[in-house]
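Enquirer: One letter stands for each residue in the lines below.
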Amino acid sequence: MKLTELAKRAGSWLQGEGPLAGIVISSRVRLARNLAGYPFLSRCDHQQKLEIQEFLRQQTSALATAEPLEYINIDEAEELDQQLLVERHLISRQHAEANGARGMAYSASEKISIMINEEDHLRLQALQPGLRLEEAWQEVDRLDDLFEAKMGYAFSSRLGYLTACPTNVGTGIRVSVMLHLPGLRMSGQMEKVVRSARDMRLAVRGLHGEGTEAAGDFYQVSNQRTLGASEQQIIEEFKNQVVPKIVDYEQKTREKLLAEHAHFVDDKAFRAMGALQNARTISSEESLELLSQLRMGVTLARVSGVKLDTLNELFLRTQPAHLQQIENRLMSTEERGLARAKYIRQELNPN
Amino acid sequence: MLCQRCNKNEATIHITEVSDGEHRESHLCEQCAEADGAVVKTPTTINQLLSSFIMAHSGVAELAELSCPECGLSFLEFRQHGLLGCANDYEVFTQALEGLLARVHGEDTHHVGKVPARGGTQQKRNMKLLRLRRELAGAVESEEYENAAQLRDRIKEFEKQ
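Protein sequence lines, in the order shown, are assigned to chains A and B. Position in the first sequence counted from 1, then plus 713, gives you this note's numbering. Position in the second sequence counted from 1, then plus 4, gives you this note's numbering.
Certain hints may be false.
Stated by the list, open to error - Derived, one-sided and incomplete: chain B residues facing chain A with beta-carbon distance under 10 Å:
1. Cys-10
2. Glu-74
3. Gly-117
Stated by the list, open to error - In silico BS3-like links for lysine-lysine, alpha-carbon gap of 30 Å or less:
4. A:Lys-715 - A:Lys-762
5. A:Lys-762 - B:Lys-132
6. B:Lys-132 - A:Lys-958
If you are wondering where the hints come from, they were derived from the structure by calculation, not from laboratory data. On a predicted model such as this, the values are computed, not experimentally measured, just so you know. Using N, Cα and C, we set each Cβ at its ideal position, and we do this for glycine too.
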């Protein structure tokens, strides 16, 4: 396992310093690009995939980025390393589980990462803590300029950047924010959010993107429209309308819960705290659920003495690949339950 | 097992909730679980969009016969997997894609965002490269090594331009 060191630290995008950090965990902007003169990946043979991987790897290592990028050959990486990168949102689950020549690279702060030969030849991503879409866009835009200076992209003046899936064509941009919405979930209002999001051409997904469940009350909201609007327009709509609306809805719901059922909110948070401080074995589902309840208590200032950063870190490092990387060995579900409970007790009990 | 909430549909989603130290199990159908916010329905897939579009389209037979001369992808294969095979597919399937793009992105299907510094000026060259690479893959597959070597040289030459 090469990535043990990575598992031991918290990504800087997870430190609760960003704007609206109580509800908005992180902001992400991703661009999809393809090399001109090569077929898209579904029509590439083995040799072509290798060529693309090798070319993009070389270009990546020569880029003048502010932070150097570390390259990892995903095809040859151990499963636990692949899994760790998924848990840290540095690559997609699809990328980890695929076959064939493919790679990724990331900066030490993890604010920049790229995927090579995922669904498109090149996927560039910038990640920021809290609501910081503008910064994420600028970061990924700069990275894109650096790559583009070295290669020709598949591009048409009418349809923009050409992507393997027509749902990404145009700007190739996917803007997404990770939101913690326990209030809306608790009061059964998520359905309304999902429905109105869909009307605005937005997608609402679970913790790890496409096809995943909304574990721990975390939801990813992202744009669907990539054509016919500029990157700036899409970002601004997100920053000024979409996110504030959902955040406001969550905040109002929490206030209402507190005004009408403070004892219920407190009971949930303190019971969660008690269970987490004392559990001897705990599954990842249960810890997600309890950490979410405790996190809401902390952001509402009902529970003191627990830092938001500590909780964010626990969410990250109690995931299966993280636990095993930190312990530096493969563990069964049962062993993970014991290790997870022990780690949470250490972090949540003073001294 | 029937859904506990509506007692009508088959329960396909099984949730174990842990609250107040108790495990509570619920068995719901997809609709009720979604209404609960317990699952997030994935947005309409491109396949669903495509299928419904094709059904509404009168020239189904015509479309079915389309395939890209550059990458060999047929429209039916695209319909099945939802992924295009090369940049040229956007030209070949343009008619069918137009409706699809409008449904996904809205009526305005003209790119108005970022443009790479070297712009669309190289589209012809890119198509030529695409064709040469396809010929190369074919030559290697049918073990025509002499031909493959020549094609490789031509690609190299072309890349320098």
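Enquirer: Does each hint hold? Answer for all of them.
Expert: A quick look at each hint next to the structure:
For Cys-10 of chain B, the shortest C-beta to C-beta distance to chain A is roughly 14 Å, which exceeds 10 Å, and the interface hint is violated. The interface hint given for Glu-74 of chain B holds, since its Cβ lies 8 Å from the closest Cβ of chain A, which is under the 10 Å cut-off. Given hint, Gly-117 of chain B at the interface with chain A, holds; its Cβ is 4 Å from that chain's nearest Cβ, closer than 10 Å. Our distance criterion of 30 Å between C-alpha atoms is met by Lys-715 of chain A and Lys-762 of chain A, whose separation comes to about 24 Å.
About 19 Å separates the Cα atoms of Lys-762 of chain A and Lys-132 of chain B, which keeps this hinted pair within 30 Å; it holds. Simply put, Lys-132 of chain B and Lys-958 of chain A have alpha-carbon atoms about 49 Å apart, too far for the 30 Å limit, and the pair is violated.
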